[in-house]
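Working from the sequences, and respecting the hints, build out all of it.
Just so you know, the sequences run in chain order U and P.
Sequential numbering of the first sequence, starting at 4, is according to the working numbering.
Sequential numbering of the second sequence, starting at -2, is according to the working numbering.
Think of the hints as simulated: they come from the structure by calculation, not from any bench.
Be careful, since some hints might not be right.
Dumping the calculated EDC-like pairs for lysine to aspartate or glutamate here, alpha-carbon to alpha-carbon at most 16 Å [said to hold, decoys possible]: (1) LYS127/P <-> GLU33/U; (2) LYS127/P <-> ASP36/U; (3) LYS127/P <-> GLU39/U; (4) LYS6/U <-> ASP56/U.
Ranges of calculated distance between the beta carbons of each label pair, as one might list FRET restraints [claimed, not checked]: (5) LEU155/U <-> GLY259/P: 57 to 63 Å; (6) GLN246/P <-> ALA49/U: 30 to 36 Å; (7) LEU148/U <-> SER187/P: 22 to 28 Å; (8) SER163/U <-> ARG365/P: 40 to 46 Å; (9) GLU68/U <-> GLN189/P: 42 to 48 Å; (10) GLY78/P <-> ASP232/U: 25 to 31 Å; (11) GLY81/P <-> GLY184/U: 24 to 30 Å; (12) LYS230/U <-> GLU324/P: 31 to 37 Å; (13) ASP232/U <-> ARG328/P: 40 to 46 Å; (14) ALA228/U <-> ARG167/P: 36 to 42 Å; (15) ALA175/P <-> VAL70/U: 50 to 56 Å.
In this text the structure is predicted, and so the values were computed from the model without any measurement.
Even glycine gets a Cβ: it sits at the ideal position worked out from N, Cα and C.
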Amino acid sequence: MSKPRLGVFKFSSCDGCQLSILDAEEELLELLDRVELADFLEASSASVGSPYDIALVEGSVSTEEEVERIVRIRKESKMLVALGACATSGGLQALRNWSRLGLFESAVYPEQKVARALEKALPLSDFVAVDFELRGCPISKAQLLQFFAATLRGAKPRFSSSAVCFECKRAGNPCLVVAGGTPCLGPVTASGCGALCPSRGRGCYGCFGPSDDANLDSYASWLSAHKVDRSTIGLLLKGANSQAPEFRRWIEKNG
Amino acid sequence: MARRVVVDTGPMARVEGEGSLSIVETDTGRPEVKLNIFEPPRFFEALLNGRRAEEVPDIVSRICGICPVAYQISSLNALEGLFGVEVDEQVRRLRRILYYGEWIESHALHIFMLAAPDFMRVPDAIAMAKRDPALVREALTLKRMGNRLMSVIGGREIHPVSLKIGGIYRAPSKEALASLLPELDRLRSSVQKMVAFVSSLEGPSLERDSTLVCLYDAAHYAIDRGEIVSNQGLRLPPHDFEENFEEYQVDYSNALHSRTKGGGSYMVGPLARFSLNYNQLNPAARALAKGVGLKPPLKDPFKSIVVRALEIVHALEETAREVKEYEKPVRPSAPYKARAGTCYGVSEAPRGILYHSYTINGRGHVERAKIVPPTAQNQARMEDDVRLLVPRIMSSEATEARRLSEMAIRNYDPCISCATHFLRLDLRKA
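If you want it as structure tokens, here you go:
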């Protein structure tokens, strides 16, 4: 049986999620041995090109060129995977979507217009069908490897999107909100990080986006009861996943 | 006008981010060399407007997945300076170890996965691994050590979560850090092979003079802070950076270029650090430098790969020393009160000086942010290097011309994701 053809692509992003692939130092050579690397610009100058069995796409779509590119990659790929918060919900750069963007005027680029930026930075799913999402800013290396382990044997990968609170409780942490009124997005954020921040005594800031059952209104009134003001909640939600529907709706409603 | 395209790389492989290089011969006699950075801008400086000072380190970290620690440290240096916070000495030590981890990871990535394939005339590290699996496995082990240091202190290697204004959220135990020592020691005793390997790589050379700029810190081979110094006798505190260096826009790049005021291109990064701070390199690294015949000042950018290997040696040695001297801080973070003003912070990212400046208002919110990353500063110098190589490039056949051109760029380990996000955006509310 021939090896599945893998493409790795970068859109508007920081490079961190595709770096997670290269950061799987112990597994990398085995992994690359089980696929045919068709395109991975950051790692190789050999380009085999399309079609791809698996396309991993990092970054949000924020220029006209990127719209054309994601449509093309979709056509050429059997399975398209959104890699990380930028690809799944626009990422931090999508914070500009909140600034009522009539602002890309000539004043922006005083000398010549180089970047043909779209009005908004958007997730891949606004343009094409996405078969699977790996969440996080950055993604979890463990989830990435689980994704490959399942996909390469023809299984469907599954991750829990229950709240960070579950991981936090299992880690035996006292609740930061209850104990000290520390703002924490744990109750409405998907797990995947292993409750990284609360385990260090800081509030979760939402890298993995909304959890399955996130109820933002109930969460916000609970936080308010612990003396966290609404503007703080708004700022917390305006992070890497501000365009995820559950977070976005709350921000839109509550300013 | 007659124009002949000598080299057009298209999207360049084995660099971080999206860029291409073109060399066009014109009948003016002066070839046009353009490093075209088409990575879309993400407008981070504008996005920071209105954010609370305490959020800055985690936001700027997202500018770059390869050097997030550099972004966190430069921003902390600026903000802690303004707020007058005294950071505990043991916390400073932790931040340095975290930063050494980033140097080790980033340099190992550059040497073995991005740059060495050029010298060996193969497309990637996978092909290198087929030829010499032991070499690539050891390289990955080295890279992993960098990542482990970042995980132990920062929680994760990409966008660590532990640093805050005033210190660190939770300091690791002495035991947690000490558990890395056996592997650190093993790597320290084997890095000689890595240095021998990189110095055995046969590549082009380019002896040229350039303005070298880096940080100087009396206590260490500068990494987490320092004054700005150059081989032209410059010596400045961080807040004078903008008075001495300026950014300008070119029509073919989404990243601003930099030059010395009233002068030309300059170079930041390993070659500048090695040339100016050589005496502060760890003795083990200096001995290896001597062994392979390298001494300051170093003028050949194609030797950057060797200097990065020497900096890995330095980082491993300093990390081992600092880990042994580490005591868990009694006060992991100092309280502070945000105050209004403009502040400035610098540090030595793996690729060179990373400059940040913020204006904070009376509510503790960001009013203005300016970030000048190393790759943006190096762009003009990269093009100058390619210009000097044009005669050699033009007399080479196509594959070799392209290899030579790309190597001249990769010498700087450009991080294009970093470089791009700084086009000024005039935020006008509609």
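Status of each hint after checking the structure:
As the CA atoms of LYS127/P and GLU33/U are separated by approximately 12 Å, the hinted pair is consistent with the 16 Å bound. For the hint pairing LYS127/P with ASP36/U, the CA-to-CA distance comes to about 10 Å; that is within 16 Å, so the pair holds. Only pairs whose Cα atoms come within 16 Å are accepted, and LYS127/P paired with GLU39/U is accepted, the gap being roughly 14 Å. Taking the CA atoms of LYS6/U and ASP56/U, the gap is near 9 Å; set against the 16 Å cutoff, the hint holds.
With their beta carbons about 58 Å apart, LEU155/U and GLY259/P fall inside the hinted range of 57 to 63 Å. Here the CB-CB span from GLN246/P to ALA49/U is close to 34 Å, well matched to the stated 30 to 36 Å. Between LEU148/U and SER187/P the beta carbon distance is about 27 Å. The supplied range of 22 to 28 Å therefore holds. For SER163/U paired with ARG365/P, a C-beta distance near 42 Å keeps the hint of 40 to 46 Å intact.
At roughly 46 Å, the beta carbons of GLU68/U and GLN189/P sit within the given window of 42 to 48 Å. Judged by the Cβ atoms, the range 25 to 31 Å given for GLY78/P and ASP232/U holds: they are separated by roughly 29 Å. Checked against the hint of 24 to 30 Å, the C-beta distance between GLY81/P and GLY184/U comes to roughly 26 Å, which is consistent with it. Hint check: LYS230/U to GLU324/P, Cβ distance near 36 Å, so the stated range 31 to 37 Å holds.
Remark: the range hint 40 to 46 Å for ASP232/U to ARG328/P is contradicted by a beta-carbon distance near 28 Å. A beta carbon spacing of about 27 Å between ALA228/U and ARG167/P contradicts the range 36 to 42 Å that was offered as a hint. Between ALA175/P and VAL70/U the beta carbons are some 52 Å apart, a value that agrees with the proposed interval 50 to 56 Å.
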